[in-house]
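Chemist: So the chains spell out like this:
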Amino acid sequence: GENVEQHPSTLSVQEGDSAVIKCTYSDSASNYFPWYKQELGKRPQLIIDIRSNVGEKKDQRIAVTLNKTAKHFSLHITETQPEDSAVYFCAASKGNTDKLIFGTGTRLQVFP
Amino acid sequence: GAVVSQHPSRVICKSGTSVKIECRSLDFQATTMFWYRQFPKQSLMLMATSNEGSKATYEQGVEKDKFLINHASLTLSTLTVTSAHPEDSSFYICSAQENEQFFGPGTRLTVL
Chain A
1 GENVEQHPST
11 LSVQEGDSAV
21 IKCTYSDSAS
31 NYFPWYKQEL
41 GKRPQLIIDI
51 RSNVGEKKDQ
61 RIAVTLNKTA
71 KHFSLHITET
81 QPEDSAVYFC
91 AASKGNTDKL
101 IFGTGTRLQV
111 FP
Chain B
113 GAVVSQHPSR
123 VICKSGTSVK
133 IECRSLDFQA
143 TTMFWYRQFP
153 KQSLMLMATS
163 NEGSKATYEQ
173 GVEKDKFLIN
183 HASLTLSTLT
193 VTSAHPEDSS
203 FYICSAQENE
213 QFFGPGTRLT
223 VL
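So the protein sequences, as listed, match chains A and B.
Using the working numbering, you'd call the opening residue of the first sequence number 1 and step up by one each time.
Using the working numbering, you'd call the opening residue of the second sequence number 113 and step up by one each time.
Chain B on its own, in the form it takes in the complex (with noise of 0.2 Å):
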């Protein structure tokens, strides 16, 4: 199957500072790519639909301003949480599209 990555894949920052994310098709170009919070023993909660050469549309409740996305290219997309708080501690989790998503590794963030 097709392959997804991210990086990092665990970060660990200060209150108040800003934490890029990036996701890559490896092998596929990707028109549309998502990212989802996953909170510990919780499910995959879906934060916004990322598409190339456009504005990522955001799902309800779900800060635009503080979760920055940008799909530069048909291979990457980045999620930068801005002035990070503790309860954005999260695992975040990218996926592409090719005929079906497939799933990054995921990023473990950790903000003190």
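Chain A on its own, in the form it takes in the complex (with noise of 0.2 Å):
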């Protein structure tokens, strides 16, 4: 089945600095990338995502990016706040209504 790796588990940045969060992934079938941010006790919410028809996607100061050919696939976060210091998932489907498999996650602290 597919298997998702994330990394870093943990990233610390300077306020207004860049973020990049990194994910790999197995099942050459999966076609569907989302990315979630989870607060602590929360419910993960939806920032982006990405279909493997697309390289490339970009909302706001969010941005994802999709190699096909190596089966991975990145969060980019650009002028952080302290409000975007939460825990990130990357997930991989065969669809968006298919199961989703989650990467491992990663904390991230944006310091003022």
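Hints are computed from structural coordinates only; laboratory data are not their basis.
For every residue, glycine included, the Cβ atom is placed at its ideal position computed from N, Cα and C.
It is possible that part of the hints are untrue.
What the hints assert, rightly or not - Keeping only pairs whose Cα atoms sit at most 35 Å apart, straight-line, the calculated DSBU-like set for lysine-lysine is:
#1 A:Lys-94 <-> B:Lys-132
#2 A:Lys-94 <-> B:Lys-167
#3 A:Lys-94 <-> B:Lys-176
#4 B:Lys-178 <-> A:Lys-94
#5 A:Lys-37 <-> A:Lys-71
#6 A:Lys-37 <-> B:Lys-167
#7 B:Lys-167 <-> A:Lys-71
#8 B:Lys-167 <-> A:Lys-42
#9 A:Lys-94 <-> B:Lys-153
#10 B:Lys-153 <-> A:Lys-68
#11 B:Lys-178 <-> A:Lys-37
#12 B:Lys-178 <-> A:Lys-42
#13 A:Lys-68 <-> B:Lys-167
#14 A:Lys-58 <-> B:Lys-153
Claimed, not checked - If you want the footprint, here are the derived chain B segments under chain A, 3+ residues with CB under 8 Å:
#15 154 to 163
#16 215 to 221
Dock chain to chain to rebuild the complex, using the hints, since each chain is given by itself in its own frame.
Modeler: Here you go:
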């Protein structure tokens, strides 16, 4: 089955700097890659997603890139703010209506 | 976005008892819901896929007789943890599908 690896497990940045989180997946049939932000004790919130027919997608300060050949995708957050501090999870599935397999998570801390 | 609720939000029970958790899609119909378990500082682990009107599909290593799932209507799935033990203490999160997966707020189960 699908296996998703995520790095780094923790990431600390200064406010205003950029943050990059990387994920790799194993199943070449996966074609939908969402990213979730989860604050302590709360539900995961979808922040951006990408499908395999697209190489990059951007939404204001957040962008995601996908390399299908290498089977990896990355989350880029620019101009980080303290409120970006949370745990971020990548996930992979064979379609946005199929089960999600999550990465191990990255705890991002943005220091003022 | 679509709204998914879970009840209860928090439950404490004695070892050996059973606990039922409800997951509802409030403003849409969901033929498929998913149940995840999340241990502290860990990722979301998919337990099972709940299909309306049919048996749930369990992930490898998840005991179907211990974690009973019922998806009796298009807006309600229930997870019953039977004969709960302290090691079942976890954060249980459901999600329901409508174009994308929307997560419930989670249920924190503590088994004494």
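Chemist: Decide, hint by hint, whether the structure agrees.
Modeler: These are the hints, each one checked on the structure:
1. A:Lys-94 <-> B:Lys-132: OK: Lys-94 of chain A and Lys-132 of chain B at ~30 Å, within 35 Å.
2. A:Lys-94 <-> B:Lys-167: Distance of about 21 Å is within 35 Å: holds.
3. A:Lys-94 <-> B:Lys-176: 24 Å, holds
4. B:Lys-178 <-> A:Lys-94: Judged against 35 Å, a Cα distance of about 28 Å means the pair holds.
5. A:Lys-37 <-> A:Lys-71: 22 Å, holds
6. A:Lys-37 <-> B:Lys-167: 31 Å, holds
7. B:Lys-167 <-> A:Lys-71: 33 Å, holds
8. B:Lys-167 <-> A:Lys-42: The given pair, whose Cα atoms are some 29 Å apart, holds under the 35 Å limit.
9. A:Lys-94 <-> B:Lys-153: OK: Lys-94 of chain A and Lys-153 of chain B at ~26 Å, within 35 Å.
10. B:Lys-153 <-> A:Lys-68: 29 Å, holds
11. B:Lys-178 <-> A:Lys-37: Roughly 30 Å separates the two Cα atoms, so the pair holds.
12. B:Lys-178 <-> A:Lys-42: 26 Å, holds
13. A:Lys-68 <-> B:Lys-167: Holds, at about 34 Å.
14. A:Lys-58 <-> B:Lys-153: 28 Å, holds
15. 154 to 163: holds (count 6)
16. 215 to 221: Answer holds; 5 residues pass the 8 Å Cβ test.
When each numbered hint is compared with the structure, no violation occurs for any of them.
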